[in-house]
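Visitor: Sequence:
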Amino acid sequence: MRIVYRNPLELWGEHTSNQPWIAANGVGGHLIVANDPGLIRHVLIDNARNYKMATVRQLLLRPILRDGLLTAEGEVWKRSRKAMAPMFTPRHIFGFAEPMLKRTLEFVTRYEAGGMSDIAHDMTLLTYDILA
338 MRIVYRNPLE LWGEHTSNQP WIAANGVGGH LIVANDPGLI RHVLIDNARN
388 YKMATVRQLL LRPILRDGLL TAEGEVWKRS RKAMAPMFTP RHIFGFAEPM
438 LKRTLEFVTR YEAGGMSDIA HDMTLLTYDI LA
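Numbering-wise (our numbering), the sequence shown opens with residue 338 and increments by one.
Derived from the structure by calculation, the hints contain no laboratory data. Among the hints, a few may not be true.
As the list claims (entries may be wrong) - Beta-carbon label-pair distances, calculated as ranges:
(1) Leu406 with Phe431: 12 to 22 Å
(2) Thr461 with Leu381: 21 to 31 Å
(3) His458 with Arg403: 14 to 24 Å
(4) Met453 with His367: 37 to 47 Å
(5) Pro436 with Asp459: 36 to 46 Å
(6) Asn372 with Arg416: 38 to 48 Å
(7) Gly411 with Thr446: 37 to 47 Å
(8) Glu351 with Leu406: 21 to 31 Å
(9) Glu351 with Thr446: 18 to 28 Å
(10) His367 with Thr441: 31 to 41 Å
(11) Lys419 with Ser454: 36 to 46 Å
(12) Leu368 with Asp459: 38 to 48 Å
Heads up, the beta-carbon is just placed ideally off N, CA and C, and yes, glycines get one too.
Taking the hints into account, I'd like the entire structure generated from these sequences.
Guide: Structure follows, in structure tokens:
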């Protein structure tokens, strides 16, 4: 469980990223994870009221993201999505490119000297840095 807490993406093997969806049985019950963009849209947008957040997802994401787009449900989710929608228009998206490139280039300079690194951990930190 420590590995999952450190990097939740390590919960799934590399082979799962090529599947449209993944099904598993766990302690909390049956779990299905959608990877396909069409399935994700179906679950998160087109038919969101038919799907409840998994307890595991809430336990992993809510402490980090609070009650945002990835963790909220119902009316809270609708309000959050509506508030965030303008940021995802082409005009705003292009503004994200330069800061993302800058942080990524700073990240790369740490690897130019060589040596051993935990790339999964470092990529998680880079992702959080870009999102912050």
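Visitor: Would you mind marking each hint as holding or not holding in the structure?
Guide: Checked hints:
no. : hint                           : verdict
1   : Leu406 with Phe431: 12 to 22 Å : 21 Å, holds
2   : Thr461 with Leu381: 21 to 31 Å : 22 Å, holds
3   : His458 with Arg403: 14 to 24 Å : 23 Å, holds
4   : Met453 with His367: 37 to 47 Å : 39 Å, holds
5   : Pro436 with Asp459: 36 to 46 Å : 18 Å, violated
6   : Asn372 with Arg416: 38 to 48 Å : 27 Å, violated
7   : Gly411 with Thr446: 37 to 47 Å : 44 Å, holds
8   : Glu351 with Leu406: 21 to 31 Å : 26 Å, holds
9   : Glu351 with Thr446: 18 to 28 Å : 27 Å, holds
10  : His367 with Thr441: 31 to 41 Å : 38 Å, holds
11  : Lys419 with Ser454: 36 to 46 Å : 40 Å, holds
12  : Leu368 with Asp459: 38 to 48 Å : 28 Å, violated
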